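Q: Respectively, the protein sequence lines represent chains A and B.
The first sequence runs 87 to 843 under my numbering.
The second sequence runs 87 to 843 under my numbering.
Treat the hints with care, since some could be wrong.
Copies of the same chain look alike in the list, so a pair counts if it works inside one copy or between any two.
[Claimed, not checked] Straight-line alpha carbon distances no greater than 30 Å define the calculated BS3-like cross-link-like pairs of lysine-lysine that follow:
id	residue 1	residue 2
1	LYS460	LYS733
2	LYS210	LYS813
3	LYS688	LYS556
4	LYS359	LYS566
5	LYS241	LYS298
6	LYS688	LYS523
7	LYS666	LYS566
8	LYS188	LYS617
No wet-lab data here; the hints were simulated from the structure.
All values derive from a computational prediction rather than experimental measurement.
There are 2 protein chains.
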Amino acid sequence: MRRSISLTAIILAASLAASPAIPQAAPADIEKTFDASISSPEMDGWMKRMAAEPNHVGSKHDKANAEYTLQRFKDWGWDAKIETFKVLYPTPTKVSLDLLGKQRFKATLTEKPVPGDATSSRTKDQLPAYVAFQGDGDVTAPIVYVNYGMPDDYKALQRMGVDVKGKIVIARYGQGWRGLKPQLAQEAGAVGCIIYSDPRDDGYSADDAYPKGAARPAQGFQRGSVAAMPLYPGDPLTPGYGATDDAKRLTREEAPTILKIPVLPVSYGDAQKFLGALEGRVVPANWRGGLPITYHVGGTDAAKAHIVVKSEWSLKPAYNVVATMKGSEFPDQWILRGNHHDGWVFGASDPISGHIAMMAEAKAIGELAKSGWKPKRTLVYLSWDAEEPMLLGSTEWAETHEKELKEKALIYINSDGNGRGFFGAEGSHSLQNWVAKVAADVTDPQTGVSVDKRARAAAMANTGTTDRAKAVAKAAAEGKDLPLDPLGSGSDYSAFLQHLGLAALNVGYGGEGDSGGVYHSAYDTYEHHSKFVDPGFKYAAALAKTSGRMVLRLSETALPVQRYGDFADTVSTYLDEVMKLADGKRETQTAQAKAITADAFKLSDDPTLTSGLPTALMPVPYFNFSPLQNAVVRLKASAKAYDETLKSKGAALPAATKGQLVALAGKTEQALLMEPGLPGGRGWYRNMIYAPGRLTGYGAKTLPGVREAIEDERWDDVDTYSVLTAKALNNYSDKLDEGVKLMGGPAATATPGAAAK
Amino acid sequence: MRRSISLTAIILAASLAASPAIPQAAPADIEKTFDASISSPEMDGWMKRMAAEPNHVGSKHDKANAEYTLQRFKDWGWDAKIETFKVLYPTPTKVSLDLLGKQRFKATLTEKPVPGDATSSRTKDQLPAYVAFQGDGDVTAPIVYVNYGMPDDYKALQRMGVDVKGKIVIARYGQGWRGLKPQLAQEAGAVGCIIYSDPRDDGYSADDAYPKGAARPAQGFQRGSVAAMPLYPGDPLTPGYGATDDAKRLTREEAPTILKIPVLPVSYGDAQKFLGALEGRVVPANWRGGLPITYHVGGTDAAKAHIVVKSEWSLKPAYNVVATMKGSEFPDQWILRGNHHDGWVFGASDPISGHIAMMAEAKAIGELAKSGWKPKRTLVYLSWDAEEPMLLGSTEWAETHEKELKEKALIYINSDGNGRGFFGAEGSHSLQNWVAKVAADVTDPQTGVSVDKRARAAAMANTGTTDRAKAVAKAAAEGKDLPLDPLGSGSDYSAFLQHLGLAALNVGYGGEGDSGGVYHSAYDTYEHHSKFVDPGFKYAAALAKTSGRMVLRLSETALPVQRYGDFADTVSTYLDEVMKLADGKRETQTAQAKAITADAFKLSDDPTLTSGLPTALMPVPYFNFSPLQNAVVRLKASAKAYDETLKSKGAALPAATKGQLVALAGKTEQALLMEPGLPGGRGWYRNMIYAPGRLTGYGAKTLPGVREAIEDERWDDVDTYSVLTAKALNNYSDKLDEGVKLMGGPAATATPGAAAK
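Isolated chain A, as found in the complex (with noise of 0.2 Å):
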């Protein structure tokens, strides 16, 4: 679902680090073994078949995908089932989109077939141009162009004086996450939300079009669920609970996470019209697209827009398959690896470009099985059906099985889309050693060297200018290991990280030769992706073989993998974030209030044009982070103990220790969950570390309970969950001091001064 790894995530990838002495499993052999049995030449075919027709929940090439993965799984020896949900899933039955007033035009909503590319001839089954979980209705407004259509856009729109209550909105793609546009826009009062692909984001713009080269043609437009995620995934009719064929149903007027407004997506052939008959303001320089026009906000009648939005909203039948290895020794200790296998129309680079690198894996695992070899522990293959309306797969399951999960499940391991470049991995910072220490054995198609030491190129190759990239690139020169980005949401490993708080990886290759321009689009093709994305499915084979040696390598260890001064390093930073947010929302506040009290904006305003008036910011009071300070000095204590201990000792323990300590760092990350959850009926989000933010979408805020509520002005929140957050930081240091007596360590002693620095 999720855009595949780009540039930007290469510099988060991880790396080789001074390894410790931890002693692991050493399944050298077994790798080579593994390694052998990825083949390029095979995943091409399997892509070909699976991405050969629309492949979209409910489809009948859905379908058949499904019982053809159940099939391989078999075949290679797995015991392979299908479970399945009946989830809502609305599909179009009747859109359009006029132009109305001084200039007129039908917006065509047609993908048409692009020379050289025979798939994308195959129409039959297409869904049209339509996102998920929009409201139906059939509304005529003006139109307001909205930028991004995200919180700072709608100041800005403010300060020109237009309102959009009543309007009709359109917004570009991009910078924030699709469901947040038509999401806002329905808050502001209007009425319609129309989406369009800028060529300046991923079209001519940004590369040659398909098929020249791999950006958006003026035709193609982007699908994709506007389901209120924020809220919770999965499901709208089901939340929190397994969408069995008994369970009770929510009605669909119930469903908070169901739009109520009518929303389009449009190509920029389309939208070109759309724009170009707008009146009013010119629009501010970073609101400029790619068209060749001037942007104007519109607002006024001389641009209304007419669209019509009419759904089917049936429960479709949901086709997860579940591919179970029992372990020999631990069967009661799971490791969980999957990749989506439905689509928006063939879905080549998204999902299936991942989910044959999960296939390789485990046919490769299924020969390893069939030579007489056996996991240790017991492994799960995940192939997931309906994750693009919003993770209903993924999440119907894990809240179907949550119980026996949070019992047996290690981790989770996600991939998704998949393509020529650079390494990225995103997840629990306990693994980020462990990631790097895998990166650096696999190698890179392209230079030879390993993934690791390539995406460690990038980092002090391209040293970006956010604090970020500046970090990263830092860590990089020095030696370190390159840092793991936290996990927000858009991809299978939500549910299972941020509901049930197990550890979660989403990994990945990308940022070479692919702009993102057919993502969501008929062009999603099997040509266009082994043309343009990963040419000679080389990075298949690597994706297969980073993390099919992850499963391996949790599979084989004797003694955790984790590391836990990582995750109490990143926990602390993310605290200095926090505390620098609320520095930095004072000063800008106050600067404001002084700006408002010398009439700055009226009198700075051009009288000759519409504007408005900022509303004035809520002053920020000093909030008590102790608890969150004094937490992470614990935690900084607590993991210095573990890690020191488990090096010094864990070799000599006795095996059944062993076992119980890779148990107990299975659910060590649990601890991170907290009851209530997130306020604001975000409650199915329950882990006080990581989520996906309530306006960024797919993008994670770390320490959300506490850091949005400073965002949102919501100051008695940044105490209570600066309080809840704190304890479940505790928890997590409990489990860190369970273990070290596990393992006879001396207790850890936490010296807020020593540790503070």
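Using the hints, position chain B against chain A.
A: Positioned in the frame of chain A, the structure of chain B alone reads:
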């Protein structure tokens, strides 16, 4: 010649601060009478007449405008004359540009008349597409797109593995002075240069194109000078001395400021054909313009250009109008006020909009004089010719009269293009507080508050993200004077400030309604100006009232208007910047060296694309900044002693001493001159504090001898110019100490520890 003051310049404007109780001339009645004489309709009429026909150097109408101005000055009671210089000024006799290769196209190089703009149809006598002081030539070569053609762009080209040797470059206007683009291309081995105006920068992306809006239409192009101004401005054949009839002249071949390669400016209508034909790598994101194409770097035979430029290189007359009104008390203390009268085509905004304000001042002062008032000091009003080809009129005049000017002139006050918006001022920082006070007494035509208050409002409302913008916003919020920006080059103040060492100011209004899109084109007409740039000529009146007030106050003041603490504080900031620059460069070099050692550039390059390694930076030694540090400590102490003594004892001094003090203040800035001036053939620039940047052109470099030595990796020059610049500052302190002595105040005591904090 420079674009009118933009919104970014606003927040550099001066402001009202807590006024110290230094007694000033209080010519309130005079100013009231003066203001009453300023007539917007009259200025409207002058512009209509002066901008009716092409008025570039050598044109009939340019001469007519000089004579018209002369006659008006005389009518208004001034002692006026025309001083003529004979300057080299090439006029094009043949220009052509063709696209060759897979696609073929002949550039139109023509600015067709625009509907509703009668002036634009007056095509007779217009100069064609052309830039002055390029090299004649007839070349054909593959085209390379070089973005803005600035040094960083050449570094990016190197990383893309593209060489411009033997090629023709196409660069877009912006991000640096025009003349640097062909200069850097020539240095890199290019054989020709095309400069175009990208719609993203001042065309339809910025605003509706003319005539619907103010922005550049598809066929509009920007003329201008490409003489190597960083070496010296003025007539290329008479560096450092006046281009009088009998002056000894360099040959054209000897003149170092004349380019060798042919250069042509083109419209974006024409440029799209050339850029659209390029092959090679897709350009980096910050190289993308606003044309609806994918920008490629080119460099292959697929797209070649054929440029022909031939000029007629005879000497032409430059007609400076010099109008004097003798001072009644201090006839040998001169106040200079200038604005040029030559344009590139009709020159309505540039320069007539500023020229009519200067005329209105001269008329109003003439009327004051007719009523019996006489200025105490001598006023010299200067209507320059030949500013556009590179400040020829003002430079030759300043060089010719160097000796007398250094003896008598107290200040040079400049204006140029002017429009609706915000007050902006740049110049000598000893005048910062005084400029703020003047601006506090001029009323903004649109809001009714002072122009100072409105500029302050803009600074508070539009807080930017640069260090500079933050500092300006902070000053505004704290009620301090808004900082003046330093002067670089681009208008007629250059010779006075940087060659003669006079205090100088450049003042004007702008930032609303105009995107600069007709700058130096045939659409800079009366129609465009009166519709978009300054409707009702209200800001022409505001400028006349601002600069007129400056002239009157300086004429009448009993005591110096300077506050030297502002200069000392500003120089201290510049020293901090320079020291940080060295540290930053050291860090960058260290990081790059590590990346090179780790093979990071090669490993992270996309192996399917052309690429090249960066040039290794030179290790940065530690420098001896102590001469500068000590000089700044002393400067602060001397300035403090001067300002305090003036405040406590100034009013009670004998009239003759007061007059001596003003004369001394006029000479104090000359202490900043230091032989041999800047290195690298730039000795014409002798001011150790302010210079146009070698690689920025118009943009100022402060402490240029030191700062540019660090930037250019000339390590020996860093120490040499630290000593020279410190000496200039010490000479300046000597002058201040001399003033204190004259006032009978206590000598300054510099306490390094105290002042350094």
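Q: What hints, given by number in increasing order, does this structure fail?
A: 2, 4
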